[in-house]
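Student: Top line first, the protein sequences correspond to chains R and U.
Number 184 in the numbering used here belongs to position 184 of the first sequence; there are no gaps in the numbering.
Number 297 in the numbering used here belongs to position 297 of the second sequence; there are no gaps in the numbering.
Certain hints may be false.
BS3-like mimics (lysine-lysine), calculated; alpha carbons at most 30 Å apart, straight line [as the list claims (entries may be wrong)]: (1) R:K176 - R:K187; (2) U:K299 - R:K180; (3) R:K111 - R:K187; (4) U:K260 - R:K176; (5) U:K260 - R:K111; (6) R:K157 - R:K176; (7) U:K260 - R:K157; (8) R:K111 - U:K299; (9) R:K111 - R:K180.
Hint data in this document are derived by calculation from the structure and do not stem from the laboratory.
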Amino acid sequence: MTIPPTPIRVVIVDDHAIFRSGLKADLAQDIVVLAEAATVEQAIVAVTAEQPDVVLLDVHLPGGRGQGGREVIAGCAALLASTKFLALSVSDSAEDVVSVIRAGARGYVTKSISGAEISDAVRRVAGGDAVFSPRLAGFVLDAFGTAEVAVEDELDKLSARELEVMRLIARGYSYKEVAKALFISIKTVESHVSAVLRKLQLSSRHELTRWAADRRLL
Amino acid sequence: MSAKMYRTQERMVAGVCGGLAEHLGVKVGLVRAIMLGASFFFGAGLVFYGWLWLLVPMAGDEARERGSLLDEDGNPRLTLFRPAPGAREESNSNPTRQRLSLGFREVAIGGGLVIAAVVLFGQQSGWNLQLGTLIPLLIIVLGAVLAWMQLDDTRRIGLLSAAKMNTPMALLRLGGGIALVIAGVIVIVAGSGSWTLVWSSVVASLAVLAGVALVLAPWVLKFWREFQSERAGRIRETERAEIAAHLHDSVLQTLALIQKSASSPADVTRLARAQERELREWIYQDAAHNAGALVERVKAVCAEAEDVYGQAVEVVAVGDAELTDRGSALVQAVREAVFNGVRHGGTTVSVYVEAGAQGVDVFIKDRGPGFDVETVPADRLGVRESVVGRMQRNGGAAEIISSADGTEVRLHLPSETPATEEAK
Numbered sequence: 001m002t003i004p005p006t007p008i009r010v011v012i013v014d015d016h017a018i019f020r021s022g023l024k025a026d027l028a029q030d031i032v033v034l035a036e037a038a039t040v041e042q043a044i045v046a047v048t049a050e051q052p053d054v055v056l057l058d059v060h061l062p063g064g065r066g067q068g069g070r071e072v073i074a075g076c077a078a079l080l081a082s083t084k085f086l087a088l089s090v091s092d093s094a095e096d097v098v099s100v101i102r103a104g105a106r107g108y109v110t111k112s113i114s115g116a117e118i119s120d121a122v123r124r125v126a127g128g129d130a131v132f133s134p135r136l137a138g139f140v141l142d143a144f145g146t147a148e149v150a151v152e153d154e155l156d157k158l159s160a161r162e163l164e165v166m167r168l169i170a171r172g173y174s175y176k177e178v179a180k181a182l183f184i185s186i187k188t189v190e191s192h193v194s195a196v197l198r199k200l201q202l203s204s205r206h207e208l209t210r211w212a213a214d215r216r217l218l
Numbered sequence: 001m002s003a004k005m006y007r008t009q010e011r012m013v014a015g016v017c018g019g020l021a022e023h024l025g026v027k028v029g030l031v032r033a034i035m036l037g038a039s040f041f042f043g044a045g046l047v048f049y050g051w052l053w054l055l056v057p058m059a060g061d062e063a064r065e066r067g068s069l070l071d072e073d074g075n076p077r078l079t080l081f082r083p084a085p086g087a088r089e090e091s092n093s094n095p096t097r098q099r100l101s102l103g104f105r106e107v108a109i110g111g112g113l114v115i116a117a118v119v120l121f122g123q124q125s126g127w128n129l130q131l132g133t134l135i136p137l138l139i140i141v142l143g144a145v146l147a148w149m150q151l152d153d154t155r156r157i158g159l160l161s162a163a164k165m166n167t168p169m170a171l172l173r174l175g176g177g178i179a180l181v182i183a184g185v186i187v188i189v190a191g192s193g194s195w196t197l198v199w200s201s202v203v204a205s206l207a208v209l210a211g212v213a214l215v216l217a218p219w220v221l222k223f224w225r226e227f228q229s230e231r232a233g234r235i236r237e238t239e240r241a242e243i244a245a246h247l248h249d250s251v252l253q254t255l256a257l258i259q260k261s262a263s264s265p266a267d268v269t270r271l272a273r274a275q276e277r278e279l280r281e282w283i284y285q286d287a288a289h290n291a292g293a294l295v296e297r298v299k300a301v302c303a304e305a306e307d308v309y310g311q312a313v314e315v316v317a318v319g320d321a322e323l324t325d326r327g328s329a330l331v332q333a334v335r336e337a338v339f340n341g342v343r344h345g346g347t348t349v350s351v352y353v354e355a356g357a358q359g360v361d362v363f364i365k366d367r368g369p370g371f372d373v374e375t376v377p378a379d380r381l382g383v384r385e386s387v388v389g390r391m392q393r394n395g396g397a398a399e400i401i402s403s404a405d406g407t408e409v410r411l412h413l414p415s416e417t418p419a420t421e422e423a424k
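Just chain U, same shape as in the assembly (with noise of 0.2 Å):
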């Protein structure tokens, strides 16, 4: 049972039913045979279904609505190496045209349910039904249906972006519908009278309806682009207070402890150090690089060097990969290694990850005074071991360059093909 009511997608008319099921916690089957038996009483399954769906909004529209304004207001931010923005499109577009081949098979099935209600409406009241009411009444509710299908489904789209209106099926259906409306107006008021006296009619109430909208025409635009401004500000506020919000947690809160911690710089170069990180990641976060793990894990180690250490460590990515068991194994040593270069080189790490089809290669280099690899003491664990040794059992391997000048550690972990498996 979900809090907030919403119609469902999977819908025979409009997903009110769906909709109402989900909500209760019942059998669609059950709320559909509910509203179909109370719309033999005086009609009131028929108007409740009504009443539902112009007030409850479809499964999906809120979300859909707020994906929409982000691309009215929020100015998504292309990245050079992301892929084309019009994937963002696609998902938008794609409903709409389901939408509109959906059009014709709820209007055939509403007004064919709209009908038989009302007949049966009509029969239980024991009116004597006369075609000549009966007919233009029917025109008038399958008029009224298509109209408000048409809003249904521009709200649904999202009131913001009016322009999708503009499709001809929409217009012909809210043409359609209106039209059938004023017909069977006019046939129902002017059923007994002569055809001039209709025409007449006719021409007076089109323009008495001219008339209101060139008065009204002024405000609805008024009262939209109000709407519209007042919609774009909410927007901007809101980001402003997320953005406030993280500026006095993350921000102001170093900023203090960066005062209180004045007397040690090493302190205070760890604090800016590990801010400056973190805000970075939230300004500059790559939707891009979502796509594997691999990058956003060696990442953390380096942060995690950083703040242990507070000596800095670039970190050039370039490609990304899912993180396997293997990549794990890797990111450890890659850990191990960036931690041996904070410790021993005194200056900035540079690590530099390359993910592509052949594997993936992580370079760690570091400035200190280096140091002889086959010297090392066998029982020293540290490079020996959680770097040569843990790429090894993995089908990797790793290197390391040591001299006066620094220390490289080169680790190479072939991508996960059975051959390459077989070949280590």
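Same shape as in the complex, but just chain R (with noise of 0.2 Å):
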């Protein structure tokens, strides 16, 4: 991992200030945190005023109309373009975790993550690629299938390189052992996360619709 000659300007988003503090020692030295916000409207402003790289994003979070960090990321709709948003939580559910990813975020990361883990996923996301924890893949895989089924959309199925960089995130390697052992570049890992990541985004596949369509989100 190459580190960005400019520091990594990132918001941290929750509402336990006992967390907030930890994780804010736990960075490394080349993040910087601009701003803490404890709900959503105060997530909104501070966002809105620092634009920073990353947000550090809880998923629950008091405030708003009670959606968390949904929420807070359809508030800032306009800066998704240059701030990414990398969700926390200790949910284990697969509708908070896919819901945030659905509305925009880059990446999701339990809160029992390391220091060192969590730096290395806020630097993948400020460089434009997704975090996937094993978890996440497990939904993934859930969601869209292990077996490769004939479907028409193209978002609506993995490739069988996704499906094979997938099952290898589950099973706990990190990209660069998911490369070692495909044989192919890191970038390329990388690069297919994403695809996986804009297809849970924007797929129409029913497991994802039907729960879309229930809490109102299309």
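Reconstruct the complex from the two isolated chains, following the hints.
Tutor: This is how it looks when you write it as structure tokens:
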């Protein structure tokens, strides 16, 4: 991982002060925390004012219309081109995870992740790539199916390679290990993961859309 | 003999006799005979029957009401990969339809029985039966039966789903019943009077009824609302109590234990991790994952490893399978591999389970220093026997890839078809 010459500017959005300070202390030297926010409203104000590279966003947040992280992303939709969102959560539920991804987050990590790993994830997201935890990869495999099925829309299925990459990530492989196992470059792994992320965000697969319709996201 | 009496679903009229028979532990025919016999003594059986009909709930009523409560207030969590929520609605609507079709038969049988009973009752008491009195009386009774049947039905569907009362059939029954009762009463009261007198009294009584309804309507509405809100409050209270009880049993206990063992970081980690797992299980329990038991078992052995070594084991599962004998062997192999990983890996162990039509694959990966599979001494049963041997004996395969970056155990168990069994 190449360290960018300029530090990565981040905003931490989480309603637990203890977690925010812990995370701040855990982040690597090249990541600068510009602001912190504890509610949906504060988060939208802070992100709009600071225009950071990356927003570390808790999925469950007080305030707003009760939609937590999704609402923050929706409120900052104009900035999505320059500001990337990385979702953080303790939640295990598929709807929590996939909802923030479909709202526009570039990745999802659990809060139990180590400081080095989260710094890595922040850099990756800042660089425009997607961050998939094993669990998120598991959700993707569950939603898209593990077998290759004939579907009309390309968005509704994963390619054989994407399936392989997702499987390896679900098995706990790092991007580097995935690249090594498949004899491809890390960049290729990253582009596969980004492609999967795009499909996850845009697919009209019925598992995803039904759920999105239930949440009035469409 | 059940502690509480319910009317049965298999019934002639309203399931009262069946319920009574079940409750008392006697034959249903006997109860029916007694009930019928008692009807000849001044209609005592009939009155008793009607009384039970009104007061005794239908079997399954309470469960259904509880179910509908959850729907109302419990906001059933929609999970991405769960079967459509329509399944629940189906189970609700089916009995309704069935009941509507039962309606006609009920009316016919009930009405016939009641008429016969009244006639018998009249003859026994030696009245000089006049058709002019008898027929209106019958009409009233028929109307009452119709209307009560309606009440009975709506109660069975659940008072909360008042919307279901609006089905045309139900309205027709209620309206018809009321009309019959009114007609019967009018004919009795104005039996000897002229038609003009009848007409004016009809108008007058309708006016009185409308006035009373107008006055009572706000009260009824108010009571209905209060009943609704009180009911919702009770549900919330129950849920809150359940959550509180759970938190007390688990989280508070663990926190107390953590405070006691604050000096030992390993214990604190283990306690926190176990509590986290338990809480997650409780919060995110996924109905879709109860289909098979394999993933559950794998999670259980991973939890065991976490408890023993205080090391995190992350389980990611896609799909699920039934737990067969071979599946149990697979779980045993997984257990051995996970324990090895936790023991020697020293960091988080990742477990990935994928169950599909082709079979079950399990991958157990740790980031320990690794070992050379070939150099493991023959007397070390762990890997060779418990993992590789066990998988092979059950028609599966095991592969162990170890390097300086860590070790991965790959287990594959093909699905249980005769072809694969013989091939192995």
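Student: Compare the structure with each hint and give your call.
Tutor: Results for each hint:
Between R:K176 and R:K187 the CA atoms are separated by roughly 10 Å; this keeps the pair inside 30 Å, and the hint holds. For the hint pairing U:K299 with R:K180, the CA-to-CA distance comes to about 29 Å; that is within 30 Å, so the pair holds. Taking the CA atoms of R:K111 and R:K187, the gap is about 26 Å. The hint holds against a cut of 30 Å. Pair hint U:K260 plus R:K176 does not hold up; C-alpha atoms about 42 Å apart against a cutoff of 30 Å.
In summary, the hint linking U:K260 to R:K111 is supported, as the alpha carbons are separated by about 25 Å, within the 30 Å threshold. Taking the CA atoms of R:K157 and R:K176, the gap is about 24 Å. The hint holds against a cut of 30 Å. At roughly 52 Å between alpha-carbon atoms, U:K260 and R:K157 are farther apart than 30 Å, so this suggested pair is violated. A hinted pair counts as satisfied when its Cα atoms are at most 30 Å apart, and R:K111 with U:K299 qualifies at roughly 20 Å.
For the given pair, R:K111 sits about 27 Å from R:K180 by alpha-carbon distance, which is consistent with the 30 Å threshold.
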